[in-house]
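**Q** Residue-level listing of the chains:
Protein chains: 2
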Amino acid sequence: MEDVLAYLERHHERDLADLQSFVRIPSVSTDSRHREDVRRAAQWVATRLIDAGVTDAAVNDTDGHPVVTASWTFAEGAPTVLVYGHYDVQPPDPVDRWDSPPFEPTERDGKLFARGVSDDKAPMLIPIRVAEAFLKTRGHLPVNVKFLFEGEEEVGSPHLGDFVRANAERLAADFVLSADGGMWRADIPTLTVSARGLCALEFTVRGPGKDLHSGRHGGALHNPLHAIAQMVASLHDEEGRVAVAHFYDGALAISEAIRADTAALPFHDEAYLADVGASDTFGESGYSTLERQWYRPTLELNGLWGGYIGEGSKTVLPSEAHAKITCRLVPGQDPARIRALIEAHLRAHTPRGVTLSFNKDDHGAAAYRIPDDHVGLTVAREALEIVYDRPPLVVGMGGSIPICDTFRSVLGIDTVFFSFAVGDENIHAPNEFFRLPRFFEGARAWTAYFEGLAKTSPSATSGTVARA
Amino acid sequence: MEDVLAYLERHHERDLADLQSFVRIPSVSTDSRHREDVRRAAQWVATRLIDAGVTDAAVNDTDGHPVVTASWTFAEGAPTVLVYGHYDVQPPDPVDRWDSPPFEPTERDGKLFARGVSDDKAPMLIPIRVAEAFLKTRGHLPVNVKFLFEGEEEVGSPHLGDFVRANAERLAADFVLSADGGMWRADIPTLTVSARGLCALEFTVRGPGKDLHSGRHGGALHNPLHAIAQMVASLHDEEGRVAVAHFYDGALAISEAIRADTAALPFHDEAYLADVGASDTFGESGYSTLERQWYRPTLELNGLWGGYIGEGSKTVLPSEAHAKITCRLVPGQDPARIRALIEAHLRAHTPRGVTLSFNKDDHGAAAYRIPDDHVGLTVAREALEIVYDRPPLVVGMGGSIPICDTFRSVLGIDTVFFSFAVGDENIHAPNEFFRLPRFFEGARAWTAYFEGLAKTSPSATSGTVARA
Chain A
1 MEDVLAYLER HHERDLADLQ SFVRIPSVST DSRHREDVRR AAQWVATRLI DAGVTDAAVN
61 DTDGHPVVTA SWTFAEGAPT VLVYGHYDVQ PPDPVDRWDS PPFEPTERDG KLFARGVSDD
121 KAPMLIPIRV AEAFLKTRGH LPVNVKFLFE GEEEVGSPHL GDFVRANAER LAADFVLSAD
181 GGMWRADIPT LTVSARGLCA LEFTVRGPGK DLHSGRHGGA LHNPLHAIAQ MVASLHDEEG
241 RVAVAHFYDG ALAISEAIRA DTAALPFHDE AYLADVGASD TFGESGYSTL ERQWYRPTLE
301 LNGLWGGYIG EGSKTVLPSE AHAKITCRLV PGQDPARIRA LIEAHLRAHT PRGVTLSFNK
361 DDHGAAAYRI PDDHVGLTVA REALEIVYDR PPLVVGMGGS IPICDTFRSV LGIDTVFFSF
421 AVGDENIHAP NEFFRLPRFF EGARAWTAYF EGLAKTSPSA TSGTVARA
Chain B
1 MEDVLAYLER HHERDLADLQ SFVRIPSVST DSRHREDVRR AAQWVATRLI DAGVTDAAVN
61 DTDGHPVVTA SWTFAEGAPT VLVYGHYDVQ PPDPVDRWDS PPFEPTERDG KLFARGVSDD
121 KAPMLIPIRV AEAFLKTRGH LPVNVKFLFE GEEEVGSPHL GDFVRANAER LAADFVLSAD
181 GGMWRADIPT LTVSARGLCA LEFTVRGPGK DLHSGRHGGA LHNPLHAIAQ MVASLHDEEG
241 RVAVAHFYDG ALAISEAIRA DTAALPFHDE AYLADVGASD TFGESGYSTL ERQWYRPTLE
301 LNGLWGGYIG EGSKTVLPSE AHAKITCRLV PGQDPARIRA LIEAHLRAHT PRGVTLSFNK
361 DDHGAAAYRI PDDHVGLTVA REALEIVYDR PPLVVGMGGS IPICDTFRSV LGIDTVFFSF
421 AVGDENIHAP NEFFRLPRFF EGARAWTAYF EGLAKTSPSA TSGTVARA
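Protein chains in written order, with full-length UniProt numbering: chain A, 1 to 468; chain B, 1 to 468.
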C-alpha cells in the first residue's frame, strides 16, 4: 500500500496545476459583476472534493454566495473536525500595480503570484489533497472530517451564520480546523491563538444637490470634502488614539503573560518598517507595534473619496463625499455597540450645511481567543514540530476571522487556525503570492494533524474543553 | 442688400446644426486621451471662420493644445477688438449623472444639453456667426476684429501667455471682448466687472510603500487617509475661514460701493439654496453669500481620494492618499505666494510616519477688475439695453478668467466680458446646457456691439483708457 506522503509527492505537479486552475477563477465576492465567477469557484471546489473521494460534496445556495460542504465520517469513535476555508477573494484593485495579471497565476522564485492564492485558495486546497491521499491509499481517514468552504469571507460572511444555524446537526464537530488564518512569518512556524473582531461602516456626506462650479459657488456653501475631512480627522487624536467616546470601554487589557510572550518574539521595528516601506511607526502610546497590531483595537479608514479624482484639474464643488471604515476589536468590544458609538460621534461632528447618511450593508464580528489548553492546539503544536523540527511560537492575529464567532455561538465549538499562508504574502494587496514549498509542507502537517488527533482520547475532544 | 439680422435669422437652423457638430467633439483638454479630439475641435473652428469669410484663419501649434487665430482688419480708423473664447471643455465626469450622453447634443425645453455647450462653445460661435453676417451682407465689419480661440482654458491656459507674447503685434487691439464669462442670471442682463484669481495645487500623502491589510497592520502605522484628513481639516477653521497663515494678507477689502451694489441685487439665500439643493449656506462670517462668492478669496478641495472606493468593502491600509485644491483669489493676492503659503502650511501639518509631495503641473492667475469707465463697458451696456430693453446690472464673477491677467500684462489691454451663457447652466457639472434663445439674442447683441463701437471716437478706445 502506497504511503500517504508518497501519494502526495507523486501528485504534487498535478495539484499545482489544480491550484493554478483554481486561482484563474476571479471569485471576487465583493463585486456583483463577479457573481457567476464566485459560483464557478464553488462548483470547482465541490468537483475537486468528489475527485478526492469525498463523495457527498455539494454546492449549497444561500441568500448570498454558495457554501460548499462535504464529509467523511466513518472513523467510529474518533474525533470529528470541521475543516473551514473560503474560496472567494479580494478585488484585485489597483490592477495596474500588479507585476503580472491578478488572475493569471505566474511562478517566480518559488512563489505563485495571483489574487487569492494565499488568501485562501492554496491553504484550503491542502486539506482536500490530504483527504484524497488518505482515501486513495488507506481507504479511510484517521478521524472524521467535515468540510465547509464559504464564498463570502471577504465580505464578512453575512450568510454563513444562517447556514450554520440551519445545518447545525450536519456540521456538528469537536472543533473547527481553519485553513484560513496565515502564519506570522515564513521562517518560524507559529500558532495563532487570537484574532481581532471587526466592525465596518460606510458613510456619505452630502452638500449641494448636484456638483457645482467651485469658482462660482466656492465660499458660499459647505464643501462635503472639507466636512468629511473634519469628521474623519475628529476620529483620532494626534497620537493616533481613537477619539470616539467610550470606544475603549470594556476592551480586554493586555495581560502580563501576553506582553512577555510578545516582547520575546523576534521582531524589530526597523526591519518591519523596511519591509513595509514606511518611515515610522505610529499609534497609541504605551504599546509596542505588535501589541497594537494584535491586541489593541483600531479604527481605520479603508477608503475616502469625493470630487474629481482623474488626471488634471476640475474646479468642482462636489455634491458628495464618502468614506469606508473598519474597526478591529478585542474581546469585550461589541461590534454593534462600537458601530453605534462611531455613528453617534460622526452625527455629533456633522457640520452645518451638509447631511450625513450611513450605508446599511455592513457587518461585524466579535474578537476571538482560543483557550490555551485546547486539545486542537496541542495537536497543532506537535504536527508543526514534526514538519519544522522546532516548536511553534504563539502569536496573535491583527486581522479577523468572523466565523470563529459564528462557530462558537452557533455550534458551541472553538476554532484552531492551521493555515500555511504567510502574513507577508501581499494578501488584500497587489502581487499577492503563495510560497510553493508550503503547499507540500502544509500537506505533511495536515497529514500529521489527522494522525495526531486520532491518538487523542475522544473525551478530550468531545466538546468538553474549557472555553473562555 | 440683405440686413445683418435678417441674414442671421435666415441661417439660424444651419447655425444650430453647426453648434451640434461642434459640441459632438469631446475636446476635453485636461485628459491626454482626448488630445486628438482637442485638435479636431481647433480645426473645426478654423474651418468655420474661413466659411464665415475670415480668410486668414489658422490653427497655431503651441507646447500644449493649439490656438486658433483669424482677423479682419480693414475698417480703417475704427477701433480694434480682440475676440476671445475657448473651444476646450471640462471632463464629463461623473458620466452616469447625465440624463443624455455628454457628447450627444440633446434638445429639451429650448435648451441644448451637452458638455461644453455653455462653456464656451455656443458663446464663442456667436461672434463668428455675426462676423459672417456682416461680411456676407455688407462685405465688411464696422470695426476691426481679431479672433483668438484657445484650447486650454479649462486647464488654466498654461501656454496662452507665451503665445500672446510671441504674437503681441499680430494680436494688438484696443481691448479684449470675451465670449467667455457667462451672465449671472437668465432673466436679467448683467455686466461682469471682476473675476477672482486662481491658484491650484495637488498633493500626495504617502505612508507604507505598498497597500497593506488593515487588519494585520492597522494600529502600527500611520494611515495616509487619516493623515490627509487631518491635513485637509487644518486648512479651515470651523466657520469656514481659511486657516493658512497670511492667506488673507493684502486681499482687497470690499468697498462700501460694491457692498451697496451687491446688497441691491435681486438675490435671496433661500431661493439660492433651493436652486443648488443645499441645506444651508456656509462660510466666512461678516459677508453675504454673494460677497463670499464674488469678492472674497476661498480655498476649496476639488478632489480627495485614497484606498478602496469600489463597491463593498476592502480592508486595506492604503499606501497613498491624494487631494486637489483650487483657491479663488481677489486683487492683492499673488497666486504663487498663496500656493507657497499653502504648501508651507501642509508641510507644517504633515504628521510623523507619512511624507508629503506636490504635483508640479499647477497653474495660477491673478484676480481681475476692469475700470468702471472703460469704453468697452459703456458699449456693452448700450448693446444689452438694445436687446433686452433694460440696463444691465453690474455683477462680479466667482470664477476665474486667467487670460485677463495675461492680456493685461502682455498686451496692456483690458477685457470686457460679453457672453451669453448663463451661470446656472451646469457648467463643470453633469447636464450642462445652453438656452437656445440666447444663441440669437447673443448674435443681435454682438451685432449691436460692433455697430456701437464703430460710433465711439478712436481716441476713447486706443489703449489710453484708465487702468486700475
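Just so you know, the hints here were simulated from the structure itself, not pulled from any lab data. There's no promise every hint is true.
Copies of the same chain look alike in the list, so a pair counts if it works inside one copy or between any two.
Pairs of lysine to any residue residues, derived as SDA-like cross-links and limited to a Cα-Cα distance of at most 20 Å, are as follows [stated by the list, open to error]:
#, residue 1, residue 2
1, K210, A271
2, K111, D187
3, K111, R241
4, K136, A344
5, K210, N431
6, K360, P158
7, K210, D99
8, K136, D51
9, K455, A75
10, K136, I254
11, K136, R10
12, K360, H140
13, K210, R347
14, K111, R381
15, K210, V276
16, K455, T30
17, K210, E284
18, K455, R14
19, K210, L273
20, K210, T289
21, K210, V95
22, K136, T47
23, K455, N60
24, K210, R185
25, K111, D275
26, K111, V276
27, K455, V410
**Q** Tell me, please, which holds for K136 and R10 at an alpha-carbon limit of 20 Å: within, between, both or neither?
**A** within (12 Å within a copy, 90 Å between copies)
**Q** Cα distance capped at 20 Å. Does K210 pair with D99 within a copy, between copies, both, or neither?
**A** Answer is between; shortest inter-copy Cα gap is 13 Å, intra-copy 39 Å.
**Q** If the cut is 20 Å between Cα atoms, do K111 and V276 qualify within a copy, between copies, both or neither?
**A** The answer is within: 19 Å in one copy meets 20 Å, while 55 Å across copies does not.
**Q** When Cα atoms must be at most 20 Å apart, do K136 and A344 count as within-copy, between-copy, both, or neither?
**A** neither (58 Å within a copy, 70 Å between copies)
**Q** Checking K455 and N60: alpha-carbon separation at most 20 Å within a copy, between copies, both or neither?
**A** For K455 and N60, neither the intra-copy (33 Å) nor the inter-copy (87 Å) Cα distance is at most 20 Å.
**Q** When no copy is named, should K111 and D187 be tagged within, between, both, or neither for a Cα gap of at most 20 Å?
**A** within (15 Å within a copy, 69 Å between copies)
**Q** Indicate which option fits the pair K136, D51 if close means a Cα-Cα distance not exceeding 20 Å: within, between, both or neither.
**A** Within. Shortest intra-copy distance 10 Å satisfies the 20 Å Cα cut-off; inter-copy 85 Å does not.
**Q** State whether the alpha carbon distance between K210 and V95 is at most 20 Å within one copy, between copies, both, or neither.
**A** between (30 Å within a copy, 13 Å between copies)
**Q** With identical chains treated as interchangeable, where does the CA-CA distance between K210 and T289 reach 20 Å or less: within a copy, between copies, both, or neither?
**A** between (44 Å within a copy, 18 Å between copies)
**Q** Taking 20 Å as the upper bound on the Cα-Cα distance, should K210 and V276 be classified as within, between, both, or neither?
**A** between (40 Å within a copy, 7 Å between copies)
**Q** Within, between, both or neither: how does the pair K210, L273 come out at a Cα-Cα threshold of 20 Å?
**A** So K210 and L273 pass the 20 Å test across copies only (12 Å; inside, 43 Å).
**Q** Evaluate K455 and R14 at a C-alpha cut-off of 20 Å and name the case that applies: within, between, both or neither.
**A** neither (31 Å within a copy, 92 Å between copies)
Consistency note: the structure conflicts with the earlier hints numbered 3, 4, 10, 12, 13, 14, 16, 17, 18, 23, 27.
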